[in-house]
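Asks: Below are the chains, spelled out letter by letter.
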Amino acid sequence: MRYLPLTDADRREMLSVIGAKSVEELFRDVPASARLGTKIAGLPDHQGELEVERAFQAFAAKNVSPAAAPFFIGAGAYRHHVPSTVDYMIQRGEFLTSYTPYQPEITQGTLQYLFEFQTQVTMLTGMEVANASMYDGSTGASEAVLMANRVTRRHKALISGGLHPHYRRVIETSARWEGFRAVIGAADVDGLEDLIASIDKETSCVVVQNPSFFGHVRDFGKLAEACHAAGALLIVVVTEVVSLGLLKPPGEMGADIVVCEGQSIGNGLGFGGPYVGLFATREKYMRQMPGRLCGETVDADGKRGFVLTLSTREQHIRREKATSNICTNAGLCALAFTVHLTLLGEAGFTRLAELNHAKASQLADRLAAVPGVTVLNDSFFNEFTVKLPKPAAEVVEALAAKRILGGLPVSRLIPNDPSVANLLLLAATETATEAGMDPLVAALKEVL
Amino acid sequence: MSIKYSNEHEWIRVEGDVGTVGISQYAQEQLGDVVFVDVPQAGRTIAKGESVAVVESVKAASDIYAPAGGEVIEGNAALADAPGDINADPMGKGWIFKVKLGNPADLDGLMDQAAYDEFVKSLG
Amino acid sequence: MVQSLDRSQGRAGSIGSGSANSHGTFTGNRALQIEEPLIFEMGQAGRCGVDLPEPPKVKDRLNGVRRKGAIGLPGLSEPQVVQHYTRLSQKNYAIDMGVYPLGSCTMKHNPRINEKVARLPGIGDLHPLQPVSTVQGALELIDSLAHWLKTLTGMPAVAMSPAAGAHGEMCGMMAIAAALEAKGERAQRRTVLAPESAHGTNPATAAALGFVVKPIPANDRGRVDLAALKAALGPDVAAIMLTNPNTCGLFESEIVEISKAVHEAGGYFYCDGANFNAIVGRVRPGDLGVDCMHINLHKTFSTPHGGGGPGAGPVVLSAALAPYAPYPWIVKNGDTWQIAEDGAKVDGLPLGRLKAFHGQMGMFSRALAYIMSHGADGLKQVAEDAVLNANYVMAALKDVMSPAFEGPCMHEALFDDSFLKDTGVSTLDFAKAMIDEGYHPMTMYFPLVVHGAMLIEPTESQAKEDLDQFIGALRSLAERARSGTAAEDFKAAPRFAPRRRLDETLAARKPVLRWRPTNSFKQAAE
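Chains as they are written, first to last, in the numbering used here: chain A, 1 to 448; chain B, 1001 to 1124; chain C, 2001 to 2526.
Everything labelled a hint here was simulated from the structure, so no lab data went into it.
Heads up, a few of these hints could be off.
In silico EDC-like cross-links for lysine to aspartate or glutamate, where the CA-CA straight-line distance does not exceed 20 angstroms [what the hints assert, rightly or not]:
1) C:Lys2380 x A:Asp45
2) C:Lys2464 x A:Glu13
3) A:Lys445 x A:Glu397
4) C:Lys2059 x A:Asp365
5) A:Lys284 x B:Asp1038
6) C:Lys2332 x A:Glu397
7) B:Lys1059 x C:Glu2504
Over the 10 angstroms line for every Cβ pair with chain A, so calculated as not near, a few chain B residues [claimed, not checked]:
8) Ser1002
9) Ile1003
10) Arg1013
11) Gln1041
12) Ala1042
13) Ala1078
14) Tyr1116
Since the model is a prediction, treat every value here as computed from it, not as a measurement.
For each residue, glycine too, the CB sits at the ideal point set by N, CA and C.
The following block holds chain A by itself, in its conformation from the complex (with noise of 0.2 angstroms):
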């Protein structure tokens, strides 16, 4: 077996140095009611990479790849473009098979990119610090709003009708077994949700998207105003971090936690994961963040070195008083991140922004024209929502038939509800053509 580099000579020799006779013997205090007698029921036996290359070009031919279909679908997770140099740099092994950094004077290359990450997301996000990563965008607002719970000893969180469907359903199952309240708005189709009316004395905070899932944009500064008179934090959800090249930053609007998807940067589609969440705050509530944050400090020789710092705050030292049970970030996927920002630089990251709009626009005017659609949307970034004559699930189906992948029908994430059955949220990123939108308005023209 190519992977285990023991042979049998070996084996006899290293038992012969341990004083047992074989490796049973070293398996002795499993339960002789517990041992396997027989191997894996169904499982092959070992297989080289040939026939493990094919088992999977096996699966991959049974799905639709969006690099050989018009493709327009966006909802928390958007295609673009990334460098080759990404790819490559994240597989060099020196970062892909280290581990969490904990011997800072053999990990310094994993940690100086951490910092540089950090760096970047406070940034995009207009915010003071930020960690080094979150395992996703959802799991990232659940644990906001957590620390939201612990800065204001409150347990009431308002969850705005704009933020992404799942990443409402993953709030609401941590409120459920973790004790606080989630207020859940009903789907803010228009944009034009009011949440400053709710907000009250219990209210730890009021979590926002920008562009809402709908796509809508919004300016949060009269909410976060009114969050702050009360006492409460304003958390603003970003699932299309490109939006930042363009957008206001959540910063300036007065937010006191900014969670982003960060997928759309360096990493692809790949089925929904892994991804990378990013998390910035305030610098007053630093010690209330979760996971790990990665500090500036220096080596005994006085040189400039970097090393994972307050991990007071982290399960391993605080055990059940952790701000949270998380143990990992998401390294790997920081990295992409930060090569492909760094590829971007300040110019290419807002022209990058700028081509996203300029398509989804050009989207947005071609769907317009087709008889018996109307956008939504009278501000977006790259995705918008439009209402059609009849349920968007059966045109999405029609749609694939013809091997166009036209958008995410509103009711595949918001299940059980007439009003939305007729929506259809497009997006379109730099990787759109106008080769592509045709396809999708002389499809839909049809099946309408």
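Based on the hints, put chains B and C in the right spot on chain A.
Replies: Same frame as chain A, but now just chains B and C:
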């Protein structure tokens, strides 16, 4: 004026009806370099035995339990910038908070200096 | 002028960096070790590492919510970016470089075929919300992995979505809370028992869900004290959280009695699956009475550790807990695969949703490739070689270091620091000296139940000759430490790493968590 100790290694120095609380020399040695102290705010009512402050070193976080109950009248704000005061001068500049004692009987059962020295010795 | 100050900070050989220059080179570099500034100290306006077309002119639909100021991102060309991150990579130790004996972390070889198949366009380039008719192969892939995870553990159900081990723990403990709620016992059963040797995530998870954690002591053989456990069981106990093999690297020999006693008392058995690598293919946790167990795919199933994530933590569930599994899961309907998502009509009482979308697909592909590559014969051999390697290290070091418990151990060998008594050398010093020998240190000061713990997990991936050199290095260090004259030397280690020991106190007292333009002005002025 007298200094008394709890078996959690807090000391309390009582002057009139006000007690000043900190951690002992032994406790600071066990913790190592203190990097952060979360001190209670003035006005907070605390009960004997309640966790009221946290002293953190790089590798450990230690809860500070009130050796006596009452109302906090001051937290040591200087520790925010100089947490190392707890290492350098645990019984002096490294005090953590002052409490207006609610019930003098809370002090019963705390150790005096000699008893505490014995206690520390017994810990090896 | 400002720019030159900025650029001076990280690079030695220019303003304000004299101390870095003690080795006598102009640059401060030492051959392959290049001193590397932060990207923010290198960038210049006018440089860019991508070429993007001019955007078409369109009407602005941003509702006036435009960014006004600059973001502050530096501009670098592609070759600069490649050089920068390549240089950073060379400051890291990695599995690809040698023995990485970090106990409890299972730093085994990460095969590259796993990377390749995860990146096939028909697998890596799929949107999670595409119509299910267009992702049949992806759903089949997930269900295949789910099948093997259930088979290998002897459990009837698995929740695939948790993103990491700790997330899996959260999922499993939520399932237990849900089962208790369904029985009307949640308010009454609030105690979770966990040994003192448990991973920190165990008490953190239980506490987050409102349980009160009660420690149970170990016996002098490093196992759970069965009598103490039985005494702690009662109508208030919700569950026991137990790692097996435990964090001392030992198999809980009374595990069957433990699970029986817990079940008889009306509690559930949560098994922390961090150490599954020792028993994969040889022992099925389901046969031990486990109710749920998370599986760290990045440990047993070789998905890369990636500098700390991303991981994946599927949770296998017993029949008693299966009805509470969270959304989503894959179901087969005749010839087609479907996803049960929130709101779907299902049997059972799903506890909710842990994460957006369907789980860590990229990790699923890699783990499945690993299982297929090893096959039934290879997986069994994995456990055997992992255990053999650990026992070999233990046997070869037991006369100069101090094993914490009588052997045999499972996949990791635990030592305490009694062999360093009165030498002036601590566990930390010993570990830092290993760095100069070219090794990543073992896990230190964990588990907490052993004084100055050193937990060595060689994994099955190391050849005997590499272990022999590793053993030789540790023997030499142990003998030097015990000579009683080398304490100063140990305290100064490491000497040859990219950095000497770092000042963690400074980092925590005045946290600097990001670069700021003003940082460099200050330093330059000093």
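Asks: Hint by hint, say whether it matches the structure.
Replies: Each hint, compared with the structure:
1. At roughly 10 angstroms between alpha-carbon atoms, Lys2380 (chain C) and Asp45 (chain A) fall within 20 angstroms of each other, so this suggested pair holds.
2. Of the supplied pair hints, the one linking Lys2464 (chain C) and Glu13 (chain A) holds, its CA atoms being roughly 10 angstroms apart against a limit of 20 angstroms.
3. Between Lys445 (chain A) and Glu397 (chain A) the alpha-carbon distance is near 15 angstroms, which keeps this suggested pair within the 20 angstroms criterion.
4. Restraint check for Lys2059 (chain C) and Asp365 (chain A): satisfied, since their Cα atoms lie roughly 10 angstroms apart, inside the 20 angstroms limit.
5. Taking the CA atoms of Lys284 (chain A) and Asp1038 (chain B), the gap is about 13 angstroms. The hint holds against a cut of 20 angstroms.
6. Distance check on the hinted pair: Lys2332 (chain C) and Glu397 (chain A) sit about 19 angstroms apart at the alpha-carbon level, within 20 angstroms; holds.
7. About 9 angstroms separates the Cα atoms of Lys1059 (chain B) and Glu2504 (chain C), which keeps this hinted pair within 20 angstroms; it holds.
8. No beta-carbon of chain A comes within 10 angstroms of the beta-carbon of Ser1002 (chain B); the shortest separation is about 32 angstroms.
9. With a closest Cβ-Cβ approach of about 28 angstroms to chain A, Ile1003 (chain B) is found to remain outside the 10 angstroms limit, as its non-interface label requires.
10. Its beta-carbon lying about 27 angstroms from the closest one in chain A, Arg1013 (chain B) satisfies the requirement of being farther than 10 angstroms from that chain.
11. Residue placement check: Gln1041 (chain B) keeps its beta carbon more than 10 angstroms from all beta carbons of chain A (closest about 12 angstroms).
12. At roughly 17 angstroms, the least C-beta separation between Ala1042 (chain B) and chain A is larger than 10 angstroms, which holds for a residue marked as non-interface.
13. Residue placement check: Ala1078 (chain B) keeps its beta carbon more than 10 angstroms from all beta carbons of chain A (closest about 18 angstroms).
14. Every CB of chain A lies more than 10 angstroms from the CB of Tyr1116 (chain B), the least distance being 26 angstroms, so the non-interface label holds.
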